[in-house]
Structures are given as C-alpha cells and as structure tokens.
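Residue numbers (the numbering used here), protein chains in the order written: chain Y, 1 to 183; chain L, 1 to 303.
No wet-lab data here; the hints were simulated from the structure.
Glycine included, C-beta positions come from ideal geometry on N, C-alpha and C.
Fair warning: there could be bad hints in the mix.
[Claimed, not checked] Computed list of lysine to aspartate or glutamate pairs in EDC-like fashion (alpha-carbon distance at most 20 angstroms, straight line):
id, chain 1, residue 1, chain 2, residue 2
1, Y, K108, L, E30
2, L, K57, Y, E169
3, Y, K33, Y, E144
4, L, K178, L, E143
5, L, K51, Y, D42
6, Y, K112, L, E30
7, L, K57, Y, E106
8, L, K33, L, E19
9, L, K57, Y, E53
10, L, K108, L, E253
11, L, K236, L, D257
12, Y, K24, L, E55
13, Y, K116, L, D37
14, L, K63, Y, E106
15, Y, K108, Y, E170
16, L, K8, Y, E141
17, L, K8, Y, E167
18, Y, K165, Y, E106
19, L, K152, L, D136
20, L, K149, L, E128
21, Y, K56, L, D2
22, L, K164, L, E107
23, L, K236, L, E197
24, Y, K13, Y, E53
25, Y, K13, L, D54
26, L, K63, Y, E144
27, L, K108, L, E128
28, Y, K50, L, E30
29, L, K57, Y, D135
30, L, K49, Y, E107
[Unchecked claim] Quick partial rundown of chain Y residues pointing at chain L, CB under 8 angstroms, derived from the structure:
id, residue
31, K24
32, S36
33, P40
[Said to hold, decoys possible] Just so you have them, the derived chain L footprint on chain Y, three or more residues with Cβ under 8 angstroms:
id, region
34, 70 to 78
35, 151 to 162
Residues per chain, in single letters:
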Amino acid sequence: MPKDIREHICEEKIFSGIYNKYAKNLHDFLYYKFGSHLDPNDKMQEAFIKLWENCKNVKPSSARSFLFKVANNLMLNDIKHQKVVMRYKEEKPKEYTNESPEFILEEKQFLKKYQKALGTLPEEQRITFLMSKADKKSHTEIAEILGVTRRVVDSRVYNASLKLKAELEEFNNFYAKKSSKLL
Amino acid sequence: MDKDYLNKKWLAGDLTEEEGKAFELIEDNELLKKIVDEAPVFSVSHFSKAKDFDELKPQIDAKKHLKKKHNWLNPMLKIASVLVVGFAVYFLLFSNNTVSIETAAAEKRLVQLPDASQVTLNAASEIEYDEKTWADKRSVTLEGEAFFKVAKGSNFDVNTAVGKVTVVGTRFNVKNRKNLFEVSCFEGQVLLTYGKEKWAVLPGNMYRIINGEVTTDIVDAGSKPLWLSNASYFKKVPFSEVVQELERQYNVEISVDENTANQLFTGGFNHYNLKEALKSITLPLKLKFVMDSSSKISLHQIE
Chain Y
1 MPKDIREHIC EEKIFSGIYN KYAKNLHDFL YYKFGSHLDP NDKMQEAFIK
51 LWENCKNVKP SSARSFLFKV ANNLMLNDIK HQKVVMRYKE EKPKEYTNES
101 PEFILEEKQF LKKYQKALGT LPEEQRITFL MSKADKKSHT EIAEILGVTR
151 RVVDSRVYNA SLKLKAELEE FNNFYAKKSS KLL
Chain L
1 MDKDYLNKKW LAGDLTEEEG KAFELIEDNE LLKKIVDEAP VFSVSHFSKA
51 KDFDELKPQI DAKKHLKKKH NWLNPMLKIA SVLVVGFAVY FLLFSNNTVS
101 IETAAAEKRL VQLPDASQVT LNAASEIEYD EKTWADKRSV TLEGEAFFKV
151 AKGSNFDVNT AVGKVTVVGT RFNVKNRKNL FEVSCFEGQV LLTYGKEKWA
201 VLPGNMYRII NGEVTTDIVD AGSKPLWLSN ASYFKKVPFS EVVQELERQY
251 NVEISVDENT ANQLFTGGFN HYNLKEALKS ITLPLKLKFV MDSSSKISLH
301 QIE
C-alpha cells in the first residue's frame, strides 16, 4: 500500500485519479451484487459525490472502502431483498451455424437455468464468481477490489462453481454426451 | 490427484503444467467447463458501463462552488468572532468608567456624585471616581482641594497622595496641596489615615500636615470652608502657601523672596478682586506689590 502523500483528496486531479481507479470496479460490483434493475451507475456516481463532500476527511488509502460502503448502503436503502436477476447476452459471440435445432433449444434452456442459478447464489459468491469468470479478472485483482484475501476469493469461486454445478446437474449428461460425440 | 483440489486450482487459474494434464483427464467435468465458458455472457460490460469522470464533473463543480463559498466565509466568521470577543473583553476590563473632573486655575466647580453626595472643587484641583463600582464602593481620588457633602450610606473614601480620609455621612474639606495637607470637619465625623496613624476628626476640628508635621486647629463647625464664599483664610501657614493659593485663585505668577516666603502668615484674601487680595496679604507683612505684567507680580519689602 503506497503511503499517503496527501492527507486528503480534495484536489480534482487526485480525485479524478481515484475515480478512474475505482469507478468501473465499483460499478461492476454493484451490478453483480444487486442485479440490473437498479441503476448501478447512479449509485456509483452518488457514492463519488459523497466522497467529494467528505474529501477532507478521507485519506486516499481509505477511499476504496469508503466508496464501496457508501454505494452498498445506497443500494440497500433502495431495495429490501429484491430478487436478483442476472441478464445474459442473447447473442453469443460465436454463432454455431451447424448446430442441430435440438442443441440450440438445449442451449437456450441452459442459459435460462444458468441465469436463475446465478440469482440464487449468495451475493459474495456471485460477485466473486462473475468477476473471475465473466470478466476474466485474476483472483489477486479481485481480492484487492473486494478488500479480502486471495484465499477467500479462491474458495468463493470454487463454492459458487459447486452450487452452479448442482443447479445445472440435469444438463450434465447432455454436455457429456455432446463432447464425447465431438471427440 | 484429488479432483476437487484440481478443480479449485483450475478455477483460480494456477494449475501447473502437470496438474493441467491431470485436470484434462478428469471425467464428467464438461459441465464445469461449460459453466465457466458461458459465464462471459453474463458480463456486466454487455449491459452497463461505468460513466466517465466527465459526467460527474459538473456535479462536483457545483459542490465545489458551495465549498469555496464556505471556505471564504469561515475565516471571515473567525475574524468577526475574535473582534466581537475582543470588544467585549475591552469594555469589561479596560473601560472601568472612570470619571475625572478637573478645574483650571481661577475656576471652582460643583460636582454631583452618582449618589446624592456633592463635591465642590477649588481651583486647579482634580477628582477621579469609578462610576460603575460606585454603588459598592464610594471612593474618590483627590488632587488639590475640595469640599465634600457626603450623603448617608456606606463608607466614603477620599484618597490622596498623603493620606486617606474615610467618612460615613458628613461635610468636610480636604486640602491636598504641594506641601500642605488639611482635613477640616464641619459636620459628622471623619477618619484620617496618614501613614500608619489614624485620627478621628470631629466637627470643628482641623488636621494640618505640613512637611510631615501634624498640627491641629479649629474651624467653625456648622459652617463651610471660606473658599466656598470666595475667600481664603489662613492661620499660621507659611507665606509661600498663601501666595500659591492666590496664584491658583487668580491664575497669576507671583515672585517673592525666600525669607518672606517662610514667614508664618495669618489672614486671608478674597477671590474676586486681585488688587484687594494682594493688598490684604502684603500689608500685614509690610510688603508692596508691583504688577510686572497682567499676570506677573512681584512682592518687595517696603524700605
């Protein structure tokens, strides 16, 4: 952790640096935690405005936890245990033109089930899993963003994968068959 | 190798080469791979992106203006409060409401004190008192000569460089000139403190201190000092004192030789006619006076 050269972050240059460093991570975190139906951008920016108002009292080193805590509270004020729904991109990057109609149907059902399963994961596991596998962030990076140890990230991702596997058990045979067929 | 261990390491992305081979050999792991492979479709980047700092900037600038206003206001408020406190302290401590009344030569003045007491100042005299603490402590400082008519009440102090005069309610005269200190009591009772000694001055009595020597005399009790009726009277007083009194009453300068100045003089003069006054002090000592100018007079022996 670099030493705080400045006591506070009221200078715009420093503040914009902090924004560029944390805004995306905070936004992503809010999205994964609370889903899409509440505007994560709004809460993220509101948290930064709060940080600006308190810029005299917040040291650069504590800006991250300040932002995450404030944004989290802002979200919690808005919702009380609403069902979290993860959206997925309908259009897949690769189009399989040679898939059978059966396969395409199965694929659609799989994604729907997957989406539902993500919604039922505990918040912390979902956030960590999606940061790791959807955004391809390294576990060390995630640990830094969330302010936890690398070990915690590893086990959260692993536990999430176990739960997802259990939820999607019914597709096991299908994909096993499919891959063996391909082989 | 343990399957769960390998899975965990694979998820964390730190399988060694050897472990990677082992992982590939695990059966029925297709679902896990599929889950991980498909995860990117849920990436937030497809749906929502964090806004740029530029979009936040206007809001922050708005706050900054507010902040700047405060920054400017705060020091001003500090300065203002310091000034207010300063003034308050100044008025409480330093403006002790001291009233000072002075008379010039050839001037007499009647002064009403905060209670019903009255002071008549003779020429070239000054009294000082604190108006604010008057109710608690009746105390005046006197330089020169004054006649006091003190209303009944608590102790009334007259402080002079020579001694302190304390009374309760009475009429008395205090004269505090260069080498002459006199306290005459006309009514009531006066306590005179001179150094370590104290005397009670009864009506009709007078204490006189000349050059540290204390003598007593009598005055006409029930009346008032002669100077209040525009005349001065002396009894066995060095002639120099008489001359000085005349100087004060007429605002003139009188020169007299030393021998004559030390003679004791009994007599008086009026305050309204200079020539008559000069005659009344020179004739008994066989002197004549010469008016060198309108305000300079010299006295000479008649040969």
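Would you pick out the hints that fail for this structure and give their numbers low to high?
-> 2, 7, 14, 21, 22, 23, 26, 28, 29, 30, 34
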